[in-house]
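2 protein chains.
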Amino acid sequence: MQNSHFSSMEKINFRTKVLSRHLNQENPTPNSIIQSFPCLSYTPPELSEQSSIFDIKEMRKLMDGHNLVDRDWLFGLMLQSNLFNPIKRGGKVFVQPDYNHSKEQQREITMRRIWYLLEHGVFEKWLTGKGHEDELRKLALLDVVGIFDHSLAIKIGVHFFLWGGAIQFFGTKRHHDKWLKDTENYVVKGCFSMTELGHGSNVRGIETVTTYDSSTGEFVINTPCESAQKYWIGGAANHATHTIVFSQLIIDGKNQGVHAFIAQIRDENGNICPNVRIADCGHKIGLNGVDNGRIWFDNVRVPRENLLNSVADVSPDGKYLTAIKDPDQRFAAFLAPLTSGRVTIAASATYSAKIGLATAIRYSLTRRAFSATPNGPEVLILDYPSHQRRLLPLLAKTYAMSFASNYLKMIYVKRTPAMNKTIHVVSSAFKATTSWHNMRTLQECREACGGQGLKTENRVGQLKGEYDVQSTFEGDNNVLMQQVSKALFGEYVSAKRSKKPFKELGLEHMNNSRPVIPSQLTSSTMRQAQFQNDIFCLRERDLLERFAAEVSLCQSQGKSKEYAFTLNYQLAEDLGRAFSDRAVLHTFLEAEASVTSGSLKNILGLVRSMYALVTLEEDAAFLRYGYLSTDNASMVRKEVANLCSELRPHALSLVSSFGLPDAFLGPIAFNWVEANAWSSEQN
Amino acid sequence: MQNSHFSSMEKINFRTKVLSRHLNQENPTPNSIIQSFPCLSYTPPELSEQSSIFDIKEMRKLMDGHNLVDRDWLFGLMLQSNLFNPIKRGGKVFVQPDYNHSKEQQREITMRRIWYLLEHGVFEKWLTGKGHEDELRKLALLDVVGIFDHSLAIKIGVHFFLWGGAIQFFGTKRHHDKWLKDTENYVVKGCFSMTELGHGSNVRGIETVTTYDSSTGEFVINTPCESAQKYWIGGAANHATHTIVFSQLIIDGKNQGVHAFIAQIRDENGNICPNVRIADCGHKIGLNGVDNGRIWFDNVRVPRENLLNSVADVSPDGKYLTAIKDPDQRFAAFLAPLTSGRVTIAASATYSAKIGLATAIRYSLTRRAFSATPNGPEVLILDYPSHQRRLLPLLAKTYAMSFASNYLKMIYVKRTPAMNKTIHVVSSAFKATTSWHNMRTLQECREACGGQGLKTENRVGQLKGEYDVQSTFEGDNNVLMQQVSKALFGEYVSAKRSKKPFKELGLEHMNNSRPVIPSQLTSSTMRQAQFQNDIFCLRERDLLERFAAEVSLCQSQGKSKEYAFTLNYQLAEDLGRAFSDRAVLHTFLEAEASVTSGSLKNILGLVRSMYALVTLEEDAAFLRYGYLSTDNASMVRKEVANLCSELRPHALSLVSSFGLPDAFLGPIAFNWVEANAWSSEQN
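Those sequence lines, one after another, are chains W and C.
Numbering (our numbering) for the first sequence: 63 to 745.
Numbering (our numbering) for the second sequence: 63 to 745.
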């Protein structure tokens with residue numbers, strides 16, 4: 063125990079002394095004439111901060127989780143080409159996506175970057191690979207692409223994960239043989255036409271209609287009305303040659319529900335095919351490197367073989383054939399590729415938050431503001447407890463989100479049909495949680511950088527516009543979180559009915575007795591994983607019981623289950639968060655357990671305590687439902703402030719462990735005095 | 063009392079029935095084959111919603127507060143010119159600032175819009191006018207300009223409020239005579255060089271140095287090092303001819319602190335003056351219509367008369383003369399024009415939130431998603447209680463912010479020296495509160511619009527980038543809120559020391575006995591202004607007492623007051639919010655009191671209760687410090703949900719009362735099916 067804070071108290075004392083020296087300077091002369099200050103100079107935080115007490119490379123391994131060599135190779139590849147807009151600031155080179163350019167220019171450069179990556183073998187085995195290793199390499203490289211530019215990652219993601227993924231998941235051998243290799247080589251450029259003007263999250267309600275013409279052996283795809291136009295289709299406006307079309311399938315006048323078809327929309331010269339109309343979605347607040355478009359189909363005919371027939375097929379003479387009788391299950395099968403989308407969103411949201419934090423924290427270690435005494439030196443902004451409170455809890459949460467998104471990747475890569483429910487629920491929860499966390503982190507980081515956060519080249523502010531889309535695409539976050547609560551409700555009801563123990567979704571803790579929270583929390587209790595786990599589990603368990611009771615009450619009053627869910631949205635939201643936070647904590651504890659004792663494990667313990675305690679502080683549910691007494695809540699709040707001081711000396715090492723090359727951060731993270739010097743302007 | 067909810071219960075019952083009919087459709091067939099839906103069509107909410115039960119024009123008067131005719135005139139003026147980019151969508155015309163253009167193009171069109179407004183007399187008497195009426199007209203017209211485009215408002219604001227305001231406030235007759243008329247006519251174009259690369263919020267630390275040369279009767283302005291370059295100077299990069307320069311003034315080797323000087327930076331042909339260097343601040347995440355620049359002064363000489371000498375002067379032979387001996391007070395006098403900035407920020411943040419809400423709420427009254435039964439119709443998204451909870455509390459808060467910003471305008475316009483402290487504290491609190499509220503509202507509205515919120519032409523998402531700057535310029539919001547708490551602390555200490563009653567900053571309630579909150583809240587209690595006021599006052603009072611006690615405790619332990627403030631930042635933040643919320647509530651009650659009884663007053667009561675109760679629900683301080691028991695907090699939460707249902711039928715009327723012409727909202731607020739029709743694309 064003595065070692066567990068690795069003499070962090072000493073460093074805190076040191077910090078406190080530095081700060082109080084600033085603030086309590088001897089013989090202050092409050093009304094004395096202000097003296098001129100010596101000019102500011104920039105000191106790299108590497109020189110001014112203490113050296114790391116843990117192994118940054120080891121921490122980076124844990125953070126990135128897999129394929130570090132591949133990641134570094136791709137970072138290097140991007141740094142070697144002028145296509146990635148290298149700019150020089152303060153003696154360093156930074157790469158940056160485009161801005162101050164029209165959407166047309168941004169789209170073209172994004173496509174050229176894809177050709178460059180293709181030529182250099184980045185996409186090898188992305189669709190033709192087999193096994194976990196190929197899949198993990200793909201996910202790692204997509205992470206890296208996204209660190210450079212979200213538009214580039216999305217443009218690639220649509221082609222490989224949505225178009226390619228649909229062919230893999232919904233198609234059968236004939237589709238795999240015909241399309242996967244050509245997709246991997248960009249001989250065809252694919253897009254994914256699911257969303258329509260009138261229907262987004264509610265895919266089941268789409269209005270595109272497909273019928274079968276047995277006389278020619280063709281499907282006939284039609285956009286029957288304006289609200290059925292395909293909308294937000296990434297790649298459609300300029301580049302895609304082919305698309306997956308989601309459509310109601312009508313056979314013999316009967317609607318068999320949503321199915322997926324392959325249709326060509328452009329020829330090899332980029333001309334739009336007959337009976338297809340395409341329009342632009344226009345300028346967006348971010349992601350302008352992606353050419354989102356709208357598509358209308360006017361009785362477009364495609365061969366019968368273009369139905370992606372893993373779930374259902376139509377025979378040449380027009381019989382509807384399926385092994386899955388239940389249309390709900392059939393429909394669910396068609397949403398599977400969206401899961402891969404949620405997996406990649408969780409990872410990319412986390413990396414985006416890392417860029418914001420690495421930039422804002424490095425800046426806060428070099429920027430001073432206000433002196434506490436008339437002639438005293440100005441204080442480093444990260445030495446203000448309030449600034450620590452703004453950034454360090456988000457840093458701890460970002461560590462937690464890293465472990466969560468790595469876990470999600472792993473269960474996704476190693477998926478079996480038995481894990482479908484878990485993957486659906488966890489990916490929904492983590493997609494929503496990480497994307498909300500990212501937006502919040504970027505906003506705080508942008509404000510923490512002051513005006514510099516608004517300067518596009520400093521990245522932090524720019525990322526807000528680029529990543530905003532994540533909270534609503536691949537499933538609106540609120541809708542996803544409702545699905546989480548509904549799934550938990552389902553587990554609860556089925557466990558109670560069958561009188562069998564809980565055994566999925568991490569709910570096994572509900573089989574134990576209800577955790578008891580000490581009436582008087584102490585610092586050492588609060589930092590124990592046991593306490594943290596107990597109170598997170600207590601919250602989830604209690605909210606699930608309350609939610610189930612309220613829904614059952616409504617049902618007993620004759621209301622439908624859906625209506626009961628709708629009415630109890632407040633509890634549902636609290637419960638969704640409780641599930642997600644508890645699941646995230648478990649991934650953190652798992653990561654911690656993988657490390658042998660020592661400084662790395664110790665710092666992880668501190669970071670995890672910050673994650674857990676700041677969650678207790680911020681979610682009013684702990685007070686509202688009485689999991690924390692007001693006395694205990696006040697202890698938690700004090701402890702968060704203590705943890706801020708304890709993490710402060712490690713802030714630089716903790717962001718260095720993100721493994722982001724300097725060139726991918728905003729220039730404000732480095733020598734911003736030199737970067738802004740007149741002489742730099744003249745180069 | 064019977065009338066007070068104007069039979070709102072009937073409407074709630076109606077809504078509830080509609081919703082439950084959707085959700086509980088007779089004989090649902092859960093696993094039946096999905097039928098194709100009829101195509102979607104758009105119904106204007108004016109047709110589908112009940113007509114307003116209150117007078118929308120009267121409500122708009124209350125919202126805008128002043129100069130309605132002038133406002134409508136300027137809206138019309140903008141609609142008459144192609145300079146404001148009229149676009150046609152769904153049979154309606156919308157005006158829009160530029161996007162998908164380079165910053166250079168955006169800056170030029172912004173300047174051309176200014177010429178147009180100038181020619182049409184918009185700026186008449188903005189600087190040469192006298193009295194409240196001219197000042198209120200100016201503020202109203204600036205509101206309207208900002209509703210079109212924040213860049214245009216800021217570009218105008220810098221010229222009139224910062225450059226012009228500095229001459230008015232710091233200058234004397236010779237400056238007024240020489241510059242005000244020419245400024246009003248744009249014969250000169252002014253900017254305001256306060257911020258430097260190294261110093262933003264901490265103006266006192268700026269490094270620009272000015273000396274006096276008595277041999278020529280000139281001041282010599284110098285940028286001694288790179289961190290002293292002027293930074294973020296709106297207008298400097300391209301258009302400004304003159305600037306106010308803030309600089310340390312050194313007389314006989316002694317630093318007299320920050321003073322303001324007039325310097326020319328460009329000649330009438332736009333050529334940069336000798337000894338001045340100017341560079342661009344580059345692309346920003348918003349406000350690219352404003353040409354922010356950086357300025358270096360290389361021993362720039364300006365006549366002695368160019369010192370703005372209302373506070374201090376230098377005699378021809380180089381003697382420093384001032385009536386204000388205390389350099390702190392002298393410094394404070396120089397920050398006065400920033401107050402006008404905070405007044406206009408509060409107003410424009412509120413109007414921005416109105417644009418977001420009017421757009422998102424109108425869309426939510428025409429967009430449907432998910433049917434609760436397999437073949438049932440889809441539900442209007444504002445009929446989901448969860449969607450109501452997302453938007454309607456923000457709507458109520460926006461009403462509150464309107465009253466607050468109108469109040470702030472009024473005390474600013476009618477200011478007397480005795481009101482300086484109040485204006486400083488209230489403008490700091492309201493600037494921070496409204497700008498945070500705006501960003502939060504825009505984010506929620508953008509998500510509530512789904513993907514459409516990301517489409518730049520729909521405005522909601524675009525406004526986020528444009529208004530983000532407000533939380534850090536004219537004083538970082540966190541720093542401003544700290545100042546509020548410090549001012550409250552000062553009042554507290556002085557009242558206790560002098561044993562005199564509180565009589566400023568709205569703290570008079572502290573002279574009364576401590577309010578008592580009923581142990582069992584009921585719906586009717588919670589809706590009483592008395593209760594709402596009591597609990598807001600209780601929170602402010604208790605937090606001020608706690609804060610004062612903690613700071614005193616630190617002081618008794620030998621810590622400086624500043625250090626004590628720094629350590630107690632959590633309480634300081636809670637207290638700042640408590641002050642601001644209570645002050646906002648008071649402005650709401652004042653506005654309500656100005657209305658005679660009837661439907662308008664009734665609806666205002668509902669909106670105010672929503673504002674008060676959602677504040678109780680969202681700020682965990684009420685639970686943390688025990689102002690609300692967990693039982694009472696749970697009652698409050700239920701009541702917020704009830705208020706959502708009760709406000710739902712009035713949502714359309716409440717946003718219509720904002721008085722924003724259709725053309726200034728996003729097209730998604732109107733016929734979005736037709737706006738996206740292929741035929742529209744071909745026009």
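Bear in mind the hints are in silico, worked out from the structure with no lab data behind them.
Check before you lean on any hint, since a few could be wrong.
One copy or any two copies: either way a pair holds, since identical chains are not told apart in the list.
[Stated by the list, open to error] With a cut-off of at most 27 Å between alpha-carbon atoms, the simulated BS3-like pairs for lysine-lysine come out as follows: (1) Lys700 to Lys623; (2) Lys548 to Lys700; (3) Lys700 to Lys621; (4) Lys119 to Lys235; (5) Lys243 to Lys562.
A quick look at each hint next to the structure:
1. In this assembly of identical chains, the alpha carbons of Lys700 and Lys623 lie at most 27 Å apart only when taken from different copies (20 Å versus 42 Å within one copy).
2. In this assembly of identical chains, Lys548 and Lys700 lie within 27 Å of each other by CA distance solely across copies; the values are 21 Å between and 36 Å within a copy.
3. In this assembly of identical chains, the alpha carbons of Lys700 and Lys621 lie at most 27 Å apart only when taken from different copies (19 Å versus 45 Å within one copy).
4. Within a single copy, Lys119 and Lys235 get their C-alpha atoms no closer than 43 Å, and across copies no closer than 66 Å, so neither meets the 27 Å cut-off.
5. Taking the shortest alpha-carbon separations for Lys243 and Lys562, neither the intra-copy value of 47 Å nor the inter-copy value of 84 Å comes in at or below 27 Å.
Violation of the numbered hints given earlier is confined to hints 4, 5; the remaining hints are satisfied by the structure.
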